[in-house]
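J.: Sequence:
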Amino acid sequence: TESALTQFPTLIHFKGQPGLALQVVKKSNANTLEVVELVSQQITTLQAQYPNLQFHLAETQAKYIQEATRATIEELILAIILAVVVIFLFLGTLKATLIPALAIPTSLLGTFIIMAWSGFNLETLTLLALAMVIGIVVDDAIVDVENIARLIDQGEKPKVAALHGTNEISLSVVASTLTIVAVFLPVALMGGNVGQFFKPFGLTVSAAVLFSLLVARTLSPVLAVWWLKPRPQLTNTLLRTNSALVRLYERALYWSLRHRGQVIIIALISFLVGIAFIPFIPKGFVPKLDRGEFNIVYTTPLPKINLPLESSTSNSNSGAFNWIDNLAKSPEAFLLRRTMSVGKKLEAEVINSPEVESIFTIAGLRGEPNQGKIHIKMKDNRTVKTAQFQDYIRAKLPKFKGVNISVEDISFIQTEAEKPLQLAIRGDNLTSLLKVAQTLKNRVANEPGFLDVALSNVTDEGNNPLKIERLSGTRVIYLSANLVSNLALEDAAIKVEQVAKSLLPPEIKLKRWGHSSDSEDVLSSFGVTIAWSSFLMLGVLFLLFGRLLEPLVIGLSLPLAIVGAMFGLWITKSDFGVISLIGLIFLLGLLSKNSILLLDYTNQLRSSGKSREQAIIESGKVRLRPILMTTAATILGMIPITLGLGAGAELRQPMAVAIVGGLITSTLLSLIVVPVLYTLLEDLAVKLKVRTVKNP
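If you read the sequence shown in the working numbering, its first letter stands for residue 1, the second for the next number, and so on.
Just to be clear, a hint being listed does not mean it is correct.
Below, computed lysine to aspartate or glutamate pairings styled on EDC-like, alpha-carbon distance capped at 20 Å [claimed, not checked]: (1) K283 - E650; (2) K379 - E408; (3) K385 - E67; (4) K377 - E357.
Don't read these hints as lab results, they were simulated from the structure.
Keep in mind it's a predicted model, so treat the numbers as computed, not measured.
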């Protein structure tokens, strides 16, 4: 009735039937799954009280979150199993394997306590953080146990070996753990909405590695005293000091120390190759997810009536039409009915598809009677990906005169912008603004990769402008578009900006908005974050080593990860965005561990009277096994995530790919490059000192 339309300025359809809808918005510190569970309980109660009514959860993210959480937990468990298998292959006995294996649940238990105290939930990103640190959690325990076992095999008593072995790697373990914490603290302290989003991630990683250090310093040595026995005759474990691979590495070290120029050239070439891959990697924000649900958003034209042209809203998606309040009730009812009528016609093209489970239609979206939304939920046993079905629906939907229709994703990070690409066209000259906006829209619509290109200015049935919005006091029209699956957001934004260069007069400006703005801001923010992470890491190393040589060697060896990380992203066609950047930051902490192990033991051997070359060769032979053990444990722990299986895999995969690729190349190169850089920089420091003495 007319009175009902006035009281409820929205019309609802669910599975083709009319109804009323209630939207529940959770508090910022609430858990989505818990809220949905509470709502489901209330629905059950209401259904019993009102048997003649039907209650449904028409639109909820809970099911996808549950599936993504379950998939991440499965990958976490598999990562633990693979890490333990690697340890067993290297150490060769069950008892020696159990010590670092027990470090995993012990460290995770402590991490859970910190997460609970901080109010964090077990959700996609925190679980991803836990899955990512499995290799690191066992690293400290592996290094401890491996060193103690080596000393026991050489004839030392277990208690003496535990004390000697723990002290011998004390600096290495503490330094490597503190550098990872230093790397991730800037991530936890990033500003803005995206920074708050990654705060639980950074703090979870930091807590996990600190607890792994505590376990390695306390539990692991005690268990080693109780369980480890001498095995001098054991030669079948991987990478014993007399194995063929160790002898090969020894010869490679000898050659590298005598051909330092060639080694540095090889390192530089690998770095440049990694840089060369960057232009070929799609640059995005957050990967597009195969959620099994999406929206069709549509806008119907307004009738020709005398309306004010200006609106003071700050963006294209906020602010109901103020003039609606001055209209009679019947025009509003007419607009709602027409919007629902269009929605029903769009529904009819979708509802009978065998891939569709349910359809939920809203006419009167955000209080605007000419806007509607159709939420489409696909079946669990669907045979096509969400993006493929979206393309099919987009081609099938009927076209109506004056009606803008957009098939849109449900993004992982919710912002005001519905479409991934949105740009603000600003200018005070209204005639020029309208002309430029329409021209740019037509040009972008003809560019490959852009879909559902639209402008935000409201028009009547004759396509005459009825409303122009303002942004910071300047007239603005928003250009928005969906993107094909192989066009990343950052690449799309750059492409539009290039098209606009030849079109925009001096008085018209283009500004990124929504996800486009977030992408640009996040990439620059992560640049600052990586710089701070590197600075803090090198600061920690300087305090622990007491001089600049070792921090400089480690800092100069970090770029060796670029070639592997970029190649991994390129080969898997993963976006270079927020998630892969987190993986690159993670690499900073991981790579420092290997270098610290080599340099610290080299310094210890030199202090005991060995020459520099002897110390480097022996340090490499002794530390090769723990370095390869920890690297293999981390890589295999990442393998389940790199495979890209399960709900939300698109979000997890780029991070794991960057880590695995970077670890492979950096480990292989750093085993050679770090000793060479160590000698080169030390020789350079000596020459500078001598020159300073001669020329005071």
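J.: With reference to the structure, classify each hint as holding or not holding.
T.: Status of each hint after checking the structure:
no., hint, verdict
1, K283 - E650, "holds (15 Å)"
2, K379 - E408, "holds (18 Å)"
3, K385 - E67, "holds (16 Å)"
4, K377 - E357, "holds (6 Å)"
Every hint from the earlier list agrees with this structure, and none is contradicted.
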